[in-house]
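Each chain, letter by letter, is given below.
Number of protein chains: 4
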Amino acid sequence: MILLTGFEPFGTHKVNPSEEIARALDGRRFGEHVVRGVVLPVHHREAAAQMAALLQAIDPAAILHVGLAEGRARIALERVALNVMDYAIADNAGYRALDEACVAGGPPAYFATLPLRDVLAALTADGVPAYISSTAGTYLCNQTLYATLHLVSCAGRTTRVGFVHLPLSAGMVAAAGVELPSMDAPLMQRAIETVLRVVAAT
Amino acid sequence: MILLTGFEPFGTHKVNPSEEIARALDGRRFGEHVVRGVVLPVHHREAAAQMAALLQAIDPAAILHVGLAEGRARIALERVALNVMDYAIADNAGYRALDEACVAGGPPAYFATLPLRDVLAALTADGVPAYISSTAGTYLCNQTLYATLHLVSCAGRTTRVGFVHLPLSAGMVAAAGVELPSMDAPLMQRAIETVLRVVAAT
Amino acid sequence: MILLTGFEPFGTHKVNPSEEIARALDGRRFGEHVVRGVVLPVHHREAAAQMAALLQAIDPAAILHVGLAEGRARIALERVALNVMDYAIADNAGYRALDEACVAGGPPAYFATLPLRDVLAALTADGVPAYISSTAGTYLCNQTLYATLHLVSCAGRTTRVGFVHLPLSAGMVAAAGVELPSMDAPLMQRAIETVLRVVAAT
Amino acid sequence: MILLTGFEPFGTHKVNPSEEIARALDGRRFGEHVVRGVVLPVHHREAAAQMAALLQAIDPAAILHVGLAEGRARIALERVALNVMDYAIADNAGYRALDEACVAGGPPAYFATLPLRDVLAALTADGVPAYISSTAGTYLCNQTLYATLHLVSCAGRTTRVGFVHLPLSAGMVAAAGVELPSMDAPLMQRAIETVLRVVAAT
Chain A
24 MILLTGFEPF
34 GTHKVNPSEE
44 IARALDGRRF
54 GEHVVRGVVL
64 PVHHREAAAQ
74 MAALLQAIDP
84 AAILHVGLAE
94 GRARIALERV
104 ALNVMDYAIA
114 DNAGYRALDE
124 ACVAGGPPAY
134 FATLPLRDVL
144 AALTADGVPA
154 YISSTAGTYL
164 CNQTLYATLH
174 LVSCAGRTTR
184 VGFVHLPLSA
194 GMVAAAGVEL
204 PSMDAPLMQR
214 AIETVLRVVA
224 AT
Chain B
24 MILLTGFEPF
34 GTHKVNPSEE
44 IARALDGRRF
54 GEHVVRGVVL
64 PVHHREAAAQ
74 MAALLQAIDP
84 AAILHVGLAE
94 GRARIALERV
104 ALNVMDYAIA
114 DNAGYRALDE
124 ACVAGGPPAY
134 FATLPLRDVL
144 AALTADGVPA
154 YISSTAGTYL
164 CNQTLYATLH
174 LVSCAGRTTR
184 VGFVHLPLSA
194 GMVAAAGVEL
204 PSMDAPLMQR
214 AIETVLRVVA
224 AT
Chain C
24 MILLTGFEPF
34 GTHKVNPSEE
44 IARALDGRRF
54 GEHVVRGVVL
64 PVHHREAAAQ
74 MAALLQAIDP
84 AAILHVGLAE
94 GRARIALERV
104 ALNVMDYAIA
114 DNAGYRALDE
124 ACVAGGPPAY
134 FATLPLRDVL
144 AALTADGVPA
154 YISSTAGTYL
164 CNQTLYATLH
174 LVSCAGRTTR
184 VGFVHLPLSA
194 GMVAAAGVEL
204 PSMDAPLMQR
214 AIETVLRVVA
224 AT
Chain D
24 MILLTGFEPF
34 GTHKVNPSEE
44 IARALDGRRF
54 GEHVVRGVVL
64 PVHHREAAAQ
74 MAALLQAIDP
84 AAILHVGLAE
94 GRARIALERV
104 ALNVMDYAIA
114 DNAGYRALDE
124 ACVAGGPPAY
134 FATLPLRDVL
144 AALTADGVPA
154 YISSTAGTYL
164 CNQTLYATLH
174 LVSCAGRTTR
184 VGFVHLPLSA
194 GMVAAAGVEL
204 PSMDAPLMQR
214 AIETVLRVVA
224 AT
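Chains as they are written, first to last, in my numbering: chain A, 24 to 225; chain B, 24 to 225; chain C, 24 to 225; chain D, 24 to 225.
If you're looking for bench data, these hints aren't it; they were derived computationally from the structure.
Predicted model only: the values in this text are computed from it and were never measured.
Hints should not be assumed to be uniformly reliable.
Just so you know, same-sequence chains aren't split out, so a pair can sit in one copy or run between any two.
[Unchecked claim] Here are the simulated lysine to any residue pairs, SDA-like style, with alpha carbons at most 20 Å apart: (1) Lys37 x Ala148; (2) Lys37 x Asp149; (3) Lys37 x Thr147; (4) Lys37 x Gly150.
Start from the sequences and build out the full structure, keeping to the hints where you can.
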């Protein structure tokens with residue numbers, strides 16, 4: 024099984040394309056793996072708590088977290104998670120972390136363990152703008168990747184874990200009326216399918 | 024008949040999505056109008072010369088020029104054409120204009136005559152990022168819009184004329200591997216279809 | 024005499040570097056010309072009305088309007104003024120124009136009449152990032168340039184007229200804490216002095 | 024003593040403002056500390072080798088590395104160094120690393136040990152655009168910060184270490200003629216002086 028997570032909407036966003044994709048791909052099969060799609064809360068404690076419970080409950084072969092990054096123009100394959108919470112805006116519980124650790128006493132960073140170069144090659148071959156990113160930010164996205172990698176590491180699991188950031192969807196930018204990059208929702212879903220295909224094959 | 028023009032590739036671009044859309048929609052019907060799709064050369068004299076010949080030959084009810092604008096994140100509905108050629112790069116004939124007039128003695132500018140607010144409303148309702156732009160640049164795109172509006176004005180025609188700039192396609196940005204905004208080719212074609220539908224209805 | 028205008032703050036801006044420069048250079052001499060520095064209101068009617076009164080009262084040899092353009096990274100030498108008011112935000116009187124003419128029945132555009140290439144060369148030689156811009160926007164800056172060029176044209180005057188857009192000042196971006204380009208206030212003042220020197224010499 | 028390092032020019036850059044600042048501040052006193060200004064090579068092995076020799080030779084109380092980051096609009100106070108070399112362009116020896124470790128077997132990351140919040144507050148109070156950055160990239164800048172933090176950590180030293188990225192200088196953008204953010208060289212030097220003052224006081 025591959026665990027695929029999206030996030031609920033946050034900040035000024037009414038929707039979150041990562042949520043829609045997690046729902047759309049729930050139950051889909053890639054190679055030998057069935058996808059379990061889950062939507063995580065944008066909450067400084069609950070997101071990590073739900074991940075801990077999910078890891079216990081379903082023991083996936085791989086975990087792909089997906090989130091939203093306003094301002095980015097391409098699919099971002101996150102290379103690393105930092106042990107930092109430094110929120111530019113409050114989470115959905117109204118909490119705004121400043122220079123806190125994701126896990127007190129945890130190491131400064133973990134590298135994602137998905138085959139990012141293979142994923143990038145597959146996306147590029149498929150005509151999807153993508154790149155390997157060296158910062159997942161310091162909000163819930165980074166924190167969730169850190170928390171999961173820490174859980175997997177501490178438990179001695181071999182679960183591969185990664186994070187993909189999506190641009191705003193075309194519909195979000197159309198509605199907002201601002202000059203920000205976007206990606207069409209069907210293209211983003213196709214991109215995540217490509218990522219899952221590569222992950223399932225390795 | 025509605026004349027729909029795209030441009031051939033130019034500069035470092037191997038393809039031009041405006042060319043592909045002009046070819047794809049050639050012969051399509053919108054309301055009472057059949058689309059005539061034509062690809063214009065990126066040439067400081069030939070583009071305008073071909074437009075003059077086309078206007079004589081087919082007398083369209085409306086003209087929609089489509090071009091490519093690297094760096095823009097949304098469909099740009101051009102409001103105005105300036106009587107300026109100031110090329111940042113050479114055209115496909117190797118010519119690089121500097122502060123020349125498109126038409127010597129012509130007025131400083133013409134406004135496009137398509138119903139831009141209606142087009143913008145239709146695109147936004149359809150979830151396509153779009154805006155009304157106040158500069159079509161000073162390259163072939165602006166020059167072609169100026170030339171056509173000048174021809175129509177001098178001939179006393181009532182032909183409505185407009186210009187739409189497209190972002191880079193997703194495939195172009197994927198291949199280039201740079202952090203530039205893009206739009207998926209099918210979404211761009213759908214956008215031009217929406218523009219044509221509004222134009223045909225008015 | 025050279026008339027140098029800045030604008031009062033507007034929108035969310037607490038200050039306006041164009042105001043500060045107009046005040047700082049008031050009374051300064053460039054070649055044979057003394058600068059008259061004036062601060063214009065960000066008001067859909069009053070800005071143009073004050074310009075009309077000033078033109079009558081002081082009959083300057085040249086007019087340099089200066090304004091603020093958030094998001095631009097370089098000094099922008101505006102090439103053209105459009106006969107369009109299309110405000111993204113309300114002016115300081117709370118008025119938000121939508122697709123109105125600056126001057127009903129006026130021509131679509133006027134070109135600025137300062138020697139922009141000479142100004143650009145002087146700024147570049149002086150190490151100041153600058154460029155010739157093809158859109159002054161559709162807010163008060165464009166409107167003021169249009170109004171002044173129209174007044175000068177209708178009166179048959181030979182007064183040379185131009186507009187320079189400034190980036191946000193370093194202090195504004197420091198205070199705002201956002202990733203926007205800026206320019207240091209002393210560098211911007213030096214840039215305007217360079218513009219005035221070129222204008223005074225021609 | 025405080026060790027202040029800049030880098031030589033690299034890629035298409037003819038100059039490097041970090042080099043100029045390291046030279047200009049060499050010998051300057053901040054509090055009890057004299058600055059030793061050094062220019063490092065943009066070389067995948069030599070930069071770290073020179074740092075190792077310098078640490079041995081001068082045993083500084085603090086180390087401030089300064090580098091250049093085209094495209095950034097503000098002074099970037101780097102939070103973290105990753106154990107990754109992934110060069111977008113070759114270094115000055117013509118070497119282009121792809122997904123290598125800075126130090127084989129080293130930890131994924133080190134956090135910088137300068138008081139970044141105090142530095143940010145001082146810069147902001149001084150009107151200098153600045154922010155705390157979560158990625159120093161994956162080129163020589165990140166690598167040098169990683170190498171130094173690793174050396175200090177392995178040696179059990181208490182030397183505080185940090186990295187500041189500068190925007191392009193105004194002169195560089197003026198010469199290049201491109202729409203990129205810049206900062207005036209005197210403002211950047213003043214910013215580094217402010218950083219050194221805070222570092223010297225803590």
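Hint check results:
1. Only between protomers do Lys37 and Ala148 lie at most 20 Å apart by alpha-carbon distance; the minimum there is 16 Å, versus 32 Å within a single protomer.
2. Taking CA atoms no more than 20 Å apart as the test, Lys37 paired with Asp149 passes between copies only; the shortest distance there is 17 Å, against 29 Å inside one copy.
3. In this assembly of identical chains, Lys37 and Thr147 lie within 20 Å of each other by CA distance solely across copies; the values are 16 Å between and 30 Å within a copy.
4. When the C-alpha separation of Lys37 and Gly150 is checked against a cutoff of 20 Å, the pair qualifies only between copies, where the shortest distance is 14 Å, while the shortest distance within a copy is 28 Å.
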